[in-house]
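Grab the two chains, each in its own frame, and use the hints to assemble them into the complex.
Each protein sequence line maps, in turn, to chains A and B.
Here the first sequence stands for residues 1 to 424, numbered as in the working numbering.
Here the second sequence stands for residues 1 to 101, numbered as in the working numbering.
By construction, these hints were calculated from the structure, which means they are not laboratory data.
Treat the hints with care, since some could be wrong.
What follows is a list of derived Cβ distance ranges for each label pair [stated by the list, open to error]:
| hint | chain 1 | residue 1 | chain 2 | residue 2 | range |
| --- | --- | --- | --- | --- | --- |
| 1 | A | Glu379 | B | Asn13 | 39 to 45 Å |
| 2 | A | Glu85 | B | Lys10 | 41 to 47 Å |
| 3 | A | Gln360 | B | Ala32 | 47 to 53 Å |
| 4 | B | Ala36 | A | Val288 | 44 to 50 Å |
| 5 | A | Gly217 | B | Ala36 | 53 to 59 Å |
| 6 | A | Pro405 | B | Asn13 | 38 to 44 Å |
Cut-off 30 Å, straight-line C-alpha distance, at most; resulting in silico cross-link-like pairs (DSSO-like, lysine-lysine) [claimed, not checked]:
| hint | chain 1 | residue 1 | chain 2 | residue 2 |
| --- | --- | --- | --- | --- |
| 7 | A | Lys244 | B | Lys59 |
| 8 | A | Lys410 | B | Lys41 |
| 9 | A | Lys395 | B | Lys59 |
| 10 | B | Lys59 | A | Lys324 |
| 11 | A | Lys296 | B | Lys59 |
| 12 | A | Lys296 | B | Lys98 |
| 13 | A | Lys208 | A | Lys158 |
| 14 | A | Lys395 | A | Lys349 |
| 15 | B | Lys16 | B | Lys39 |
| 16 | A | Lys395 | B | Lys16 |
| 17 | A | Lys100 | A | Lys110 |
| 18 | A | Lys395 | B | Lys6 |
| 19 | A | Lys414 | B | Lys16 |
| 20 | B | Lys98 | A | Lys258 |
| 21 | A | Lys100 | B | Lys98 |
| 22 | A | Lys296 | B | Lys39 |
Listed next, the stretches of chain A that the computed footprint assigns to chain B, with coverage defined by at least 3 CB atoms under 8 Å from CB atoms of chain B [said to hold, decoys possible]:
| hint | region |
| --- | --- |
| 23 | 99 to 109 |
| 24 | 216 to 225 |
Cβ coordinates follow ideal geometry from the N, Cα and C atoms, glycine included.
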Amino acid sequence: MIDPSRSSRAAISLLVAFASVAAAQPVKEASRSALAEGDRLWRIKHTRSALLAFEQVAAAPDSAAQALAYARMGRIYLFKGAESEGAFPGWHEQVAFKAKALDAFDEALKRTPTLEEARVGRFKALRALGRDPGPEPVVAPAPDVLPAAQIQELRAAKKYAEVIEQANGFATRFPDSELLPPVYDALIEAYAATPAASVDSIGSAIDKRIAAQPDPGAYVSGANLLMNRGSLDRAARLAEGLVKAGETFIDENLDSYKLAGKAGGALGRTRATAADLAGWVLFLRGDVPGAEAKLKEADLLSRGQDFTNQFHIAELLRKKGETKEARERYLGALSLTAGPEPQRGAARKALAQIEAGLGQDPAGFEAWLNADLNRRRDERRALSLRSMLDHPVPKLPLMALNGQPLDLSKLRGKVLLYKFFASW
Amino acid sequence: MPHIEKAFEKYVNDDKVAFVLVSIDDDPERLARYVAERKFKMTLARMTFEQAEALMGVKDVPTGFYVDRTGVVRYETRGGETHGDSADRVAWHIEELKGSK
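The following block holds chain B by itself, in its conformation from the complex (with noise of 0.2 Å):
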């Protein structure tokens, strides 16, 4: 999760990209706990565990999905990754997305 704030930083004012947290949580105070301590700057949703799982194919968090303009998922990075998941890297695939058509 660092690494995507440390990337959203350089997104906060560009209104070509957004960030969307959202949380599989099944304890909303738990979640509201979390959140509060981590004053998160991003837009934050919940859905639950079986709902991600059955549209989204979600199996384990976290899992990051890149949408292009069109909405179509470009890019797909799944929990457990072994490459890691710098800040560079996520602005990587956001930029190729920017860039695309």
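The following block holds chain A by itself, in its conformation from the complex (with noise of 0.2 Å):
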């Protein structure tokens, strides 16, 4: 027997049922595959395509879709103003992004209320802001968050053999993980600290990192790493994808170097990294002269500043047999802050046999190559308080050489050099 009143409950139950999903489901096969697309250009973290491809989607007359849309405009907005400080060399946050990306979760509830990824993201925006964000929701984790934390703790406590196993069973189970760029690096590491790995298993990760996350420094630590191996080739090829993906990535992400001095001095630093990685792989081959013509490309693109490059100029010239360049090079590598220790360890030991050949005593070496690096070093900070990079030009009070006014501002525009002389 049916009961009426029972089966009007059912029917509005039903339709409760049905009304929830039709919010939640119906997005158009057309904004599914753009969503897609602007999701895989988030996780390679081409931020500006991304954007794009759900402004596109959010513009498209389909209400599920556009709060999708929303939801990830936030989610990228988030990132550019709270978690990207310092996330690539040169990034910064933009605080305005914060309001930006609370706007976009708010668009999102407004078309699909019930939408999780906004109401955590406006929860995580809300607490950004420093405004009070209410309860928590409560999400069950994504599945890959776990695992992927056990990796990074496995590697964290150098277990590498089970980092590798579980580092790829995490990449065949979610091939679209945001997590992978760090699994990645993960199995990366544990492949270096396995002398046994092959260098195809090493170069297949590496490549698989890049796809993943196209960042200049997956190219650079790649390279590096397969040059310790002995796979130069492999490592030529990282060098010559390095500067077209460099520039690729800082014009993708050009809001979070802020200043435009910051974009020039990342991709000028890009170009400086792939021309040293170049010279040093044609070193390693044997090639001397195309390995200088490589370095001291980099040498001027650095400015003279980087350490790696430096070191290798050094090493190259020491194999010239021009040690005095060579150990001058050498101080100057180490007067630089950066560099890892296993190159400044080989660089002092190469000063210390030069010293030796010149007649110095061993006994005193330690002492004198301190006092030299400190007043390198106190020379480089005198130098950098009164520098000009970076700075625009003020503007200047010439005169003409008969003493008159001099306006120059017809040279606006140009590229200039302005050289200060005198006649004495």
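Quick look at the structure:
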């Protein structure tokens, strides 16, 4: 027997269920592929293109898809505004994006009030803005979160055999995970620490890491690792790919570099590193003239401020028998603060040999070296204090030779060389 | 200075590039004699050493500033550089900035 009131209740609950399904489900096919493309671009941190993709979805007449697009835009804004400080070299948070993130999450929730990612995002945006976020939404963690965290724990504990097994399994299970880049980083570190690991497996892990997120650092560390393993061809390919990838990555995230000067500096550093890597591959292959050209190009691009490049030039000059110049470069490199300890140690050892060859007393070497490096650091500090690098030229009170004021505003917009000189 | 003049020859007819020689001489007559002797083709200007030091941090000559199209100093070369200052090197800096955004 059918109870009519019951059946109407059932009908209502069915209707409610249908309504909530209707709100969450019917993303049209066209929007779905556009959303997937935006997600892919976000995963590789091409944020400008990702935002463009989501903006297009948000402009299409598909309310459910709009909600998702706004939630994903909010995710990117939140990253730019509150999570990207130092995420990559030269990156800064843009605080204005925190409010933009909140707006985007609100737009998402207007369209789909139950959308979990937007509710979580809104909570985080409010917290980032220093406003009362209310109770934290309770959501089940995504299935990839825990395994990814476990891999990082194993990595920290240097249990590399387990890292290799787990990370490879993770990549198979979660091919679209946002957490793939750090998982691949752990895998690469594990391979690097495993002498039995084949160069092919290392190279393939590096390629996958780059595919997951093509930031310049992935190319540089990959090339260095492959060089250490003697795989010069693969290292050279990465060095070649670095410039293009670096340009794209910086261009896609320009606002994270905040100042145009920072983006310019980041581009210059990327090109310098690429030239240095390419030069060092040539050196290891025995092509000394080719290596010298590349390494000196890197020297110009890095304004002589890159430890590894100065060290490489020193090694090259020493091999050429230009001991005096090599000594200068070793000292210059060591007076820079950065640089991995193996290279710093190698530079100190080379210097000790050069000094011994010059007849210096080995007992006094350390004291002499420290005094010399301190002097160089003081000089560099004094120089940087009065440096104009990356600063705009102020208005200069120039005179013509006859003493009349000279207006050079017609030179604006040109590349200029100001050369200060004196006739004495 | 000969390197600069040699490098400048490449850019004499390039309207996107200019070289400005700024003298910090305190004696205009000696400067005039020097300039007459050297016959520079580049733009010539003067300012005092004190101004150059205060505004551009010039402590010594020669000091060079390579400025991009937006007016920002992108490279500087200070007097007594160890690695030389050849014409090729000058041109390298200019070409870098011509190519940059």
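| query | Is the hinted pair Lys100 (chain A) and Lys110 (chain A) satisfied, with a Cα-Cα distance of at most 30 Å? | reply | The given pair, whose Cα atoms are some 15 Å apart, holds under the 30 Å limit.
| query | CA of Lys59 (chain B) to CA of Lys324 (chain A), is that 30 Å or under? | reply | holds, 28 Å
| task | Mind checking the alpha carbons of Lys395 (chain A) and Lys16 (chain B) for me, to see if they're no more than 30 Å apart? | result | Holds - the C-alpha atoms of Lys16 (chain B) and Lys395 (chain A) are around 20 Å apart, at most 30 Å.
| said: Hint check: Lys244 (chain A) vs Lys59 (chain B), CA-CA at most 30 Å. Holds or violated? | reply: The hint is violated at about 39 Å.
| field | Proposed proximity, Lys349 (chain A) with Lys395 (chain A) (alpha carbon, max 30 Å) | value | violated, 49 Å
| said: Next pair to validate is Lys98 (chain B) with Lys258 (chain A); report whether the Cα-Cα distance is within 30 Å. | reply: holds, 22 Å
| CB-CB spacing for Ala36 (chain B) and Gly217 (chain A) relative to the 53 to 59 Å hint | holds, 56 Å
| field | Distance restraint between Lys296 (chain A) and Lys98 (chain B), which requires alpha-carbon spacing of 30 Å or less | value | holds, 20 Å
| said: Can you confirm whether the C-alpha distance between Lys208 (chain A) and Lys158 (chain A) stays at or below 30 Å? | reply: holds, 22 Å
| said: Just to be careful, I want the Cα atoms of Lys410 (chain A) and Lys41 (chain B) compared with a cutoff of 30 Å; is the pair within it? | reply: holds, 17 Å
| message | What's the verdict on Lys395 (chain A) and Lys6 (chain B), does the C-alpha distance respect the 30 Å limit or exceed it? | response | With Cα atoms ~28 Å apart, Lys395 (chain A) and Lys6 (chain B) stay inside 30 Å; holds.
| query | Given the proposed pairing of Lys100 (chain A) with Lys98 (chain B), does the C-alpha separation stay at or below 30 Å? | reply | violated, 36 Å
Violated hints, listed in ascending order, are 6, 7, 14, 21, 22, 23, 24; each of the other numbered hints is respected by the structure.
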